[in-house]
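Novice: Chain by chain, the residues:
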Amino acid sequence: MSTLSTEPAARPAWLDRLGHAWRTRRAALPTLAAVIIFIGMVIYGEAVYGRILQYNTISNLFVNNAHLIIIAVGMTFVILMGGIDLSVGAVIAFSSVAGVMLVNAGWNPWLVMVLMVAMGGGFGALSGVLIQYSRVQPFIATLATMFLARGLASMLSTVPERLPEDSPVRLVHYNIKLIDGPRVNDLIVTPGVIIAALVVAGAVFTLHRTQFGRTIYAIGGSEQSAQLMGLRVARTKAWAYVISGSLAGLAAVVYTSRLGAAQNITGIGWELDAIAATVIGGTLLTGGAGYVLGSVVGALVLGLMTVLITRDGSIPPEATTIITGGILLVFVLLQRAVVGRKRA
Amino acid sequence: MNGVRAWLRGLVRRQYFWGIVAILLLLGLNLIKDPTYLAIRTNPATGNLAGNLLDILRASAPILMISIGMALVIATGGIDLSVGSLMAVAGAVCMEFLNPITDASSVGAMFAAVGLALLLAGVLGAVNGVLVTVVGLQPFISTLVMMLAGRGVAKVITSGQNTTAVNEPFRWIANGYLVRFPVVFLIAVAVVVLVALVVRRSALGLMIEAIGINRAASRMSGIKPRGIIISVYVMSGMLAGIAGIFAVSSVMTVDVSRTGYQLELDAILAVVIGGTSLAGGKFSFGGTVVGSLLIATLDKTVVFLGVSAAATPAFKAAVIIVLCLLQSDVRALIRRHLPGAARRGPAGGGPASAAGRDREVPANQEGPANQEVTATRQREVTV
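Heads up: the sequence lines are chains L and V, in that order.
Mapping of the first sequence onto this note's numbering: position 156 corresponds to residue 156, and the numbering continues sequentially without gaps.
Mapping of the second sequence onto this note's numbering: position 197 corresponds to residue 197, and the numbering continues sequentially without gaps.
Computed beta-carbon distance windows for the label pairs:
| hint | chain 1 | residue 1 | chain 2 | residue 2 | range |
| --- | --- | --- | --- | --- | --- |
| 1 | V | K33 | L | R209 | 56 to 62 Å |
| 2 | L | G269 | V | G51 | 36 to 42 Å |
| 3 | V | S159 | L | H208 | 46 to 52 Å |
| 4 | L | P164 | V | I32 | 39 to 45 Å |
| 5 | L | T310 | V | A309 | 32 to 38 Å |
| 6 | L | I265 | V | K33 | 27 to 33 Å |
| 7 | V | G115 | L | R214 | 52 to 58 Å |
| 8 | V | S257 | L | S157 | 20 to 26 Å |
| 9 | L | I315 | V | R201 | 46 to 52 Å |
| 10 | V | R201 | L | Y133 | 39 to 45 Å |
| 11 | V | L119 | L | L333 | 25 to 31 Å |
Derived by calculation from the structure, the hints in this document are not laboratory data.
Every residue, glycine too, gets a C-beta built ideally from N, C-alpha and C.
My request is simple: use the sequences and hints to build the entire structure.
Specialist: The structure is reproduced here in structure tokens:
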């Protein structure tokens, strides 16, 4: 919905719908703001540095951020419930190190890819069980999972583990040329990007068209109310963490195939990137409001920021984290302003 | 005899009881590997004490500092993710200040460096506090921003370099001895006692807990939450600054990307092991000290047992999971058998089926995030 509003065409019926949306769905405003800021960044980048709106830059933006989009989608499920998942970065590390080692040990690569996703799901299930059935707070439970996954990954190996050059796992990063532009300026997608797109589509469908998805929004709005309405709160909460973990496993497949190697320090701090992408995309950290597509835009904002900083060259690399922090702050302030006004 | 039994029963009911058990288990494990592990020697040349236990105490000093600050912040219903980054900032300030000073024995330079570091850490802590109170952001996000930005500030201070310096008085802080004990541990104990006295012997502790339970209600009963929350974040920032000074003083180098890295997680862990509820509203200094000592013991044990230091997190995870389960189960048992002893706890206690009945303040069960919503709504009702 929010992405539609950026189209230049202005039909009266459509304007009516926008007006209606404006009145009824102010919670979508932060997401809309993220879209506008993303477009602003594209225009600024094109005007100042050039070569942004061309095939290979756009392709690379998606190819290089496919894993971030996938974990941001998983994080959206969890944050929509008012939870948090700190374990995704560490789960990616464990999943990819274990996966590459299994491939090197002669296991069927296709089976290993499925196993990598399953390992992620296993860690998610551990978080979910701790949270729902042992009543540990999400922050602490996923902190435990994070430590566990990172520690286990370090026990497996502390050096980069390389995939064989001919491994089918690398096929996930096979470049498919959609448009063959001049020189290297091609529009390409990889199976990784297609997987990310399918994940996003599946998540949108699940959250907006299934009972499970509506329950997630209900839990985020008020867990007590959801419980009293007879929704399956316990099961939904546990499954949301399994989803987040499995998507982290999937992100591990996509990332490993792109890099061709895995290490125990892979993915340090990615949980923060995923949280930042989700928050920038307009999902409230307290839960109950937000959109998966917003998180995708949030991930692209972070990715484009890296591109712009690299293109600029004059920004010292040590200031990058300050900029990330600043952008996050701006978006949260924006949310605060919008949502605060709505409630008043 | 009865007194001893009552004392024991009270101890078991303490939330940090299992933390003490865990420390003893770890020490026992080390003792099996090396029967002389607990021996404390006297260095014949200097008369100073030496031994593995003293190493653990020394290692626990920085964790103690940040977890005491974290306990206070958590008691107000917040969280401070920026302490690790503020450690790096404080360390960077010290090293950058001492680096050009050629007089390696200047005590004045040491005090100036420490003062500057604490000042900047306090200012950054105040920024956290202002973001949380005046701007009204969630503590998680405000301090997450500070965590990212603080690491950047540390890198900007040293221009991305790992600055070193030479200053004997400053090195003495982490490596020296006073009345045969490591100075760093004595300073840590002094700071903990000082903070505990200030907080527990005045109304401040009560006010902090009142804010954590219900900010709107605390304001209506005459407490000014804004000032107190800001000062708690300042305190947390300055304690992180002290921890940063400890960390760089032991090696006289600041590693801007590694100093204090992820120590905020250790601090939160220490606080949780100590039985402080992440939902806010209460805190325990004794428990936090036990939690910090457990973290330090665990770190040393993993290395002592010859496991790769990179694998330490897995053991921490095991400790968290086991302790969380023990704490929630034990409390559920107590609640079932001693109705009068029912207390509001972080884990809510008990299996899911009993949760509905037992919850006194259901909105607090899910941690700071939901509580923030409740507080926000209540605030707007009162306006």
